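Kindly produce the complete structure, drawing on both the sequences and the hints.
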Amino acid sequence: MKEIASPLPGVFYRRPDPEKPVYVEEGHEVKAGDTIGLIEVMKSFQEVKAEDDGVIKSIKVEDGAVVEAGQVVAELE
Amino acid sequence: MIKVLKPGLQTTVQDDGRVGFYETGMPPSGAVDQYSYAVANLLAGNKKGAAVLEITYMGPELEFQQDATIAITGGNIPPKINGEAVPMWETVKINRGDVLSFDFVKQGARSYLAIAGGIDVPVIMDSRSTYTLCGIGGFNGRALQEGDALSIGDVQETDVKEGTRLTEEYVPEFSTSHEIRVIIGLCSYRLTEESKQRFLELEWTVTPEANRVGYRLKGERLDFVPREQPFGAGSNPSNVVDLGYPIGSIQIPDGVEPIALLNDAVTGGGYATVATIISTDLNRIGQAKTNEKVKFVSVSLEEALKARQETNRKLEEIKNIIQSS
Chain A
0 MKEIASPLPG VFYRRPDPEK PVYVEEGHEV KAGDTIGLIE VMKSFQEVKA EDDGVIKSIK
60 VEDGAVVEAG QVVAELE
Chain B
0 MIKVLKPGLQ TTVQDDGRVG FYETGMPPSG AVDQYSYAVA NLLAGNKKGA AVLEITYMGP
60 ELEFQQDATI AITGGNIPPK INGEAVPMWE TVKINRGDVL SFDFVKQGAR SYLAIAGGID
120 VPVIMDSRST YTLCGIGGFN GRALQEGDAL SIGDVQETDV KEGTRLTEEY VPEFSTSHEI
180 RVIIGLCSYR LTEESKQRFL ELEWTVTPEA NRVGYRLKGE RLDFVPREQP FGAGSNPSNV
240 VDLGYPIGSI QIPDGVEPIA LLNDAVTGGG YATVATIIST DLNRIGQAKT NEKVKFVSVS
300 LEEALKARQE TNRKLEEIKN IIQSS
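Which chain is which? The protein sequence lines are A and B, in order. Residues 0 to 76 (numbering that gives the first Met the number 0) are what the first sequence spells out, left to right. Residues 0 to 324 (numbering that gives the first Met the number 0) are what the second sequence spells out, left to right.
Hint data in this document are derived by calculation from the structure and do not stem from the laboratory. Misleading hints may appear alongside valid ones.
When the alpha-carbon atoms are kept at most 35 angstroms apart in a straight line, the in silico DSBU-like pairs for lysine-lysine are as follows [as the list claims (entries may be wrong)]:
1. Lys47(B) with Lys48(A)
2. Lys2(B) with Lys30(A)
3. Lys318(B) with Lys59(A)
Restraint ranges, calculated between C-beta atoms of paired labels, are given here [stated by the list, open to error]:
4. Thr166(B) with Glu2(A): 46 to 56 angstroms
5. Pro20(A) with Val98(B): 51 to 61 angstroms
6. Pro15(A) with Glu60(B): 18 to 28 angstroms
7. Met0(A) with Gly162(B): 37 to 47 angstroms
Residues from chain B shown here face chain A by an in silico Cβ test under 8 angstroms; the list is partial [what the hints assert, rightly or not]:
8. Gln9
9. Pro207
10. Glu208
11. Thr289
These numbers were taken from a predicted model, which means no experiment stands behind them. Idealized CB from N, CA, C, for every residue including glycine.
Shown next, in the form of structure tokens:
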């Protein structure tokens, strides 16, 4: 199992836009470099990307929740 | 040349600031943490005022296309050369072809990367600092982007030996709760007595809206003394007739969330400024991250000036230590 951590402190979002579907659901397959969420900080958005191929086992943070730098936001299998 | 492989979140060229144009509406910009900035330059052997890179929250990935002497100070965003950890607050050699990258931020919010010779960008109004809101100074007036190439300048003063490092007393600790000293005023008379007290008692939380322009803080609503607003002031009780905003001044629009103005902020306006962060602690507020806590401590002007002298004395000592090592 691999962990995907937020590189930044800020607010975690699971979708690119409130109107759009989420980037990934649990059980979805992802490739290295795929975006799984956004972090908002300093009025800018930074993508959180998977660093490996795999299946999203769990999303650890709720949409709109505040995260710390290095906090695990998802687990990959 | 230094090639930017990845830019990080917001990496900008900064120095000791574009000082002397405030009355024209031009804020100074410059490194937010001037202490860490100055120490980085000393460890790199640079002249005072040399331009460095200010790294915020997430470090860049930089490929050095020439040998260089570097020093990284400030918040702990752990640096690595070719994937191997290297120390901060120490003079480090980097070779042509090496890649400098950074791990997740551990402590503080901003690191300073000084390169012997300084970052070579044009001097605009006496400074190489980037003021992103107007798009002037630094590297093309903006934060670094992937593919940029930085030149190293010629403002090196001394050759500092590799491995020169500072003892702990000169290395600031950045925790997750920050005590920030302020001088109450200029418009604190506009707050009710109770709210003035609450301002100092509360532990404020840094919101995600915290950058080089200002830090917005969350806590509880504060109240202004009701009055009939004077001619020239806005209708909200937090408004006054326009005044110059000191750097570090704190305003509370509508009493809702205090905003501390920093190096890239607007120079004046019509909100009551209830307190001003002392210059020494501007170095520290810039190291507070989103979600961290801030408590304001009221000090006198004498105490503020003493703190400033103490910081200057430390920098003088560091200069002597580095020169004699």
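Here is how each hint holds up against the structure:
{"no.": "1", "hint": "Lys47(B) with Lys48(A)", "result": "violated, 40 angstroms"}
{"no.": "2", "hint": "Lys2(B) with Lys30(A)", "result": "holds, 27 angstroms"}
{"no.": "3", "hint": "Lys318(B) with Lys59(A)", "result": "violated, 48 angstroms"}
{"no.": "4", "hint": "Thr166(B) with Glu2(A): 46 to 56 angstroms", "result": "violated, 36 angstroms"}
{"no.": "5", "hint": "Pro20(A) with Val98(B): 51 to 61 angstroms", "result": "violated, 37 angstroms"}
{"no.": "6", "hint": "Pro15(A) with Glu60(B): 18 to 28 angstroms", "result": "holds, 25 angstroms"}
{"no.": "7", "hint": "Met0(A) with Gly162(B): 37 to 47 angstroms", "result": "holds, 40 angstroms"}
{"no.": "8", "hint": "Gln9", "result": "holds, 7 angstroms"}
{"no.": "9", "hint": "Pro207", "result": "holds, 5 angstroms"}
{"no.": "10", "hint": "Glu208", "result": "holds, 6 angstroms"}
{"no.": "11", "hint": "Thr289", "result": "holds, 5 angstroms"}
Violated hints, in rising order: 1, 3, 4 and 5; the structure is consistent with all others.
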